[in-house]
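A.B. asks: Each chain, written out:
There are 2 protein chains.
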Amino acid sequence: MESLEQRRQRLMGPNVPTFYRTPLHIVRGEGVWLWDVDGRRYLDCYNNVPHVGHCHPAVVEAIARQASQLNTHTRYLHERVLDYIERLCAKFDHDLSQAIMVCTGSEANDIALRMAEAVTGKTGLIATDNTYHGNTKFVSQLSTRRPPIGGYPGNVRLVPAPDSLRPVGGDLGSQATVFAENVARAIEELEASGHGFAGFMLCPAFANEGLPCLEPGFLDPTVEVVRKAGGLVLCDEVQPGFGRLGDAWWGHEILGFRPDVVTLGKPMANGHPVAAVVTRPDVMAAFREAFGYFNTFGGNPVSAAACLATLDVIETEGLVENARDVGVYTLARLQDLSHPRIGETRGHGLFFGMEFVAEDGVAPATDFAEAVVEGMRDRGILLNRIGRKMNILKMRPPMPFSRSDGDLAVEALGEVLARMPQ
Amino acid sequence: MESLEQRRQRLMGPNVPTFYRTPLHIVRGEGVWLWDVDGRRYLDCYNNVPHVGHCHPAVVEAIARQASQLNTHTRYLHERVLDYIERLCAKFDHDLSQAIMVCTGSEANDIALRMAEAVTGKTGLIATDNTYHGNTKFVSQLSTRRPPIGGYPGNVRLVPAPDSLRPVGGDLGSQATVFAENVARAIEELEASGHGFAGFMLCPAFANEGLPCLEPGFLDPTVEVVRKAGGLVLCDEVQPGFGRLGDAWWGHEILGFRPDVVTLGKPMANGHPVAAVVTRPDVMAAFREAFGYFNTFGGNPVSAAACLATLDVIETEGLVENARDVGVYTLARLQDLSHPRIGETRGHGLFFGMEFVAEDGVAPATDFAEAVVEGMRDRGILLNRIGRKMNILKMRPPMPFSRSDGDLAVEALGEVLARMPQ
Chain Y
14 MESLEQRRQR
24 LMGPNVPTFY
34 RTPLHIVRGE
44 GVWLWDVDGR
54 RYLDCYNNVP
64 HVGHCHPAVV
74 EAIARQASQL
84 NTHTRYLHER
94 VLDYIERLCA
104 KFDHDLSQAI
114 MVCTGSEAND
124 IALRMAEAVT
134 GKTGLIATDN
144 TYHGNTKFVS
154 QLSTRRPPIG
164 GYPGNVRLVP
174 APDSLRPVGG
184 DLGSQATVFA
194 ENVARAIEEL
204 EASGHGFAGF
214 MLCPAFANEG
224 LPCLEPGFLD
234 PTVEVVRKAG
244 GLVLCDEVQP
254 GFGRLGDAWW
264 GHEILGFRPD
274 VVTLGKPMAN
284 GHPVAAVVTR
294 PDVMAAFREA
304 FGYFNTFGGN
314 PVSAAACLAT
324 LDVIETEGLV
334 ENARDVGVYT
344 LARLQDLSHP
354 RIGETRGHGL
364 FFGMEFVAED
374 GVAPATDFAE
384 AVVEGMRDRG
394 ILLNRIGRKM
404 NILKMRPPMP
414 FSRSDGDLAV
424 EALGEVLARM
434 PQ
Chain B
14 MESLEQRRQR
24 LMGPNVPTFY
34 RTPLHIVRGE
44 GVWLWDVDGR
54 RYLDCYNNVP
64 HVGHCHPAVV
74 EAIARQASQL
84 NTHTRYLHER
94 VLDYIERLCA
104 KFDHDLSQAI
114 MVCTGSEAND
124 IALRMAEAVT
134 GKTGLIATDN
144 TYHGNTKFVS
154 QLSTRRPPIG
164 GYPGNVRLVP
174 APDSLRPVGG
184 DLGSQATVFA
194 ENVARAIEEL
204 EASGHGFAGF
214 MLCPAFANEG
224 LPCLEPGFLD
234 PTVEVVRKAG
244 GLVLCDEVQP
254 GFGRLGDAWW
264 GHEILGFRPD
274 VVTLGKPMAN
284 GHPVAAVVTR
294 PDVMAAFREA
304 FGYFNTFGGN
314 PVSAAACLAT
324 LDVIETEGLV
334 ENARDVGVYT
344 LARLQDLSHP
354 RIGETRGHGL
364 FFGMEFVAED
374 GVAPATDFAE
384 AVVEGMRDRG
394 ILLNRIGRKM
404 NILKMRPPMP
414 FSRSDGDLAV
424 EALGEVLARM
434 PQ
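Chains Y and B, in that order, give the protein sequences. Counting in the numbering used here, the first sequence tops out at residue 435, every number present. Counting in the numbering used here, the second sequence tops out at residue 435, every number present.
Isolated chain Y (complex conformation) (with noise of 0.2 Å):
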């Protein structure tokens, strides 16, 4: 008999990913768990779609309501849109009070690199070397996952990104200076081959180069070389939007800088498919005026009700508030465990990475990583890697995540690395 893998690579062809050597086959979820197939619970240690918890019944209901009204498109009037919006805008503390609706972070990153091209008329790009922003063509070039076919295009610059174990330029005290010198550099050879300089893309919290420990204020020099160089700060905040950090709504708060587009996605409906490019009006007019936008699903009712649910529910039940104080309990734990092969732990709200390195101290111990990874899930928790080279372990769960379910993580955690060799 056909099995469930088998019949997904007959019906959606070769390398389409899975998480685990043995995928999971998962049915239902409820806050913090899912279960599989042989009704099997796991925590969820991992997802970040589920922002608010899986399948909370407010969203859901705010969902299945709306659907049964209306859901058209934008090119109609309707409140609803208009009501998120405002106050998604009155959630960030600067100029940011205008907003597109499309349906994937992909989309809106492919917006905000139009919106650099649109205020500056320029065409070069710049991004840290080991990134992802999303899996248009056009954002794809920016992504290091897979170098795209026939290689990086000309008008796009990688810069190295900052790392807490191999600081750029080799020395922490140092690597702001040099981050924001490698970023200068890029701005002259782009604007000497002739594209000039459109925008630098960055997530506030260089979650998928590994979640580095930054102090507040390590982005100001590159900020004001990318300012000086008429470039725009394109923000993604798709991973540390959204309260994910604890202690602000949105990670560019903890670095202190002020980007001039922010895009947001996965957590933003709870699953639904929403995402957002916030902006300065004088940036939406320029985009506006040079592109005819217009996207068919983004913003129509349906999805505005469900932003409005997710909003909602983050204040009322203080996600945000939650994920300062359990991510601090978290992290303090996480950081108790000891292992010859833990070179960091580190985090911040409700994200934690925790770097496995070789003897050395420095090289990258991937398969350690794997295999702490297989061994969580076999004690039924879910979480999974990141880094240059797939040894940073990464949690990431959803935000009503208490602090009795990180000591859940945490002793599971300790087992399995007790079993690790040494």
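For the record, the hints were derived by calculation from the structure and aren't laboratory data. Just so it is clear, the structure is predicted and the values come from calculations on it, not from any experiment. Any given hint could be a false lead.
When chains are identical, the list treats them as one kind, so a pair holds in a single copy or across two.
[Unchecked claim] In silico lysine to any residue, SDA-like type, Cα no more than 25 Å apart, as pairs: (1) Lys241 x Trp262; (2) Lys402 x Glu387; (3) Lys104 x Arg20; (4) Lys104 x Met14; (5) Lys402 x Ser177; (6) Lys104 x Asp380; (7) Lys402 x Phe307; (8) Lys402 x Arg88; (9) Lys135 x Pro27; (10) Lys104 x Leu17; (11) Lys402 x Asp142; (12) Lys241 x Asp106; (13) Lys241 x Gly167; (14) Lys104 x Ser16; (15) Lys104 x Gln19; (16) Lys241 x Gly44; (17) Lys135 x Gly164; (18) Lys135 x Pro161.
Model the placement of chain B on the given structure of chain Y, informed by the hints.
C.D. replies: Then chain B, alone, in the frame of chain Y:
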């Protein structure tokens, strides 16, 4: 007090498209009907997103049920998306047996174009010269609604779109041949310029181009030219797909050609943001090998449930048969209407065009068409315009559109035309 339009401009920026001189404020939908904020009812003769009718309870219930059970990505295994792809692919009469699920038609076309790149190793693309295939930066380079900043890139060639009243080459009888000759010339240019030829993307109803009357076999010479050059035929079924044309599930069946890749979008899940790319295993394998593609929301259990429910309703309510029956009936009634400005009334299934022309019988009567659209709106009938000069009335109602709905629309149109200057 701030109006809804002012608020919209404040929050979404300038140039956000709406329908009508004074936009509608719609608050409720059911079947083929929409209601505005003042309780006025409108017959929807335009929207194809609510394919099986606005707020169809079976689709709403499927979404609500699945959203309350599980909504996660496809990195875990789940039957529902496979059940859907299997049923979807069974609707194709040839070897298109695999699919990628995404969130928007734009994402689907962005992939389809890359499939042509992956199979051929070339980058040259051809489209018709008055088309729209989506809003990512890559896909929008094929669209002519607004030419890209800096002009069309060197790897894109646009060929004149087929036309009922102003045939390519000047003669209806030879239009198919001349159309193919233009494609052949574009291929030669792309090859001479070093880009090579990857694929030709088209809507098989040429819906944005004006929905011209074309005989079965029209594209045969073109498909032969494309195949001979080693390129792929990429068929954008976002508008004609899912039985819209009555006589078949897909637009390409009406013309009788076999595309290598088919993209699907808007009507697929009755408004839930989902889309797909359907293709042969060899094309899929080439794409999956060349691009490491993953879409977070694409094909999640809720999207799959919405798609399955929509497919169920199309089948159980006999909506393809209804499109055929009501289409033939309504087209005949539309063709009975007379006014000197009507150049041609055409259609297929529940997709109608009425082209308005000046006294010479050829020059587009754009203002006349706009006045008719506004007049119909005043009578509570929603429709719109297409074509190079926006002089063609476009009717594309939800699929449960009945004969008596057709009567209402035709009678209102008769009244509007009777009051228009001769």
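A.B. asks: All the hints need checking, so say for each whether the structure fits it.
C.D. replies: Status of each hint after checking the structure:
1. Lys241 x Trp262: neither (28 Å within a copy, 56 Å between copies)
2. Lys402 x Glu387: within (17 Å within a copy, 60 Å between copies)
3. Lys104 x Arg20: between (45 Å within a copy, 18 Å between copies)
4. Lys104 x Met14: The answer is between: 24 Å across copies meets 25 Å, while 53 Å in one copy does not.
5. Lys402 x Ser177: within (14 Å within a copy, 59 Å between copies)
6. Lys104 x Asp380: neither (41 Å within a copy, 44 Å between copies)
7. Lys402 x Phe307: between (39 Å within a copy, 19 Å between copies)
8. Lys402 x Arg88: So Lys402 and Arg88 pass the 25 Å test across copies only (20 Å; inside, 46 Å).
9. Lys135 x Pro27: between (38 Å within a copy, 22 Å between copies)
10. Lys104 x Leu17: For Lys104 and Leu17, the Cα distance is within 25 Å only across copies (22 Å; inside one copy 43 Å).
11. Lys402 x Asp142: This pair counts as within: shortest intra-copy Cα distance 13 Å, inter-copy 46 Å.
12. Lys241 x Asp106: Within. Shortest intra-copy distance 23 Å satisfies the 25 Å Cα cut-off; inter-copy 58 Å does not.
13. Lys241 x Gly167: This pair counts as within: shortest intra-copy Cα distance 22 Å, inter-copy 32 Å.
14. Lys104 x Ser16: between (47 Å within a copy, 23 Å between copies)
15. Lys104 x Gln19: So Lys104 and Gln19 pass the 25 Å test across copies only (21 Å; inside, 46 Å).
16. Lys241 x Gly44: neither (46 Å within a copy, 55 Å between copies)
17. Lys135 x Gly164: Classified as both; 21 Å inside a copy, 14 Å across copies.
18. Lys135 x Pro161: The answer is both: 21 Å in one copy and 13 Å across copies each meet 25 Å.
Comparing the model with each earlier hint shows violations of hints 1, 6, 16; every other hint is respected.
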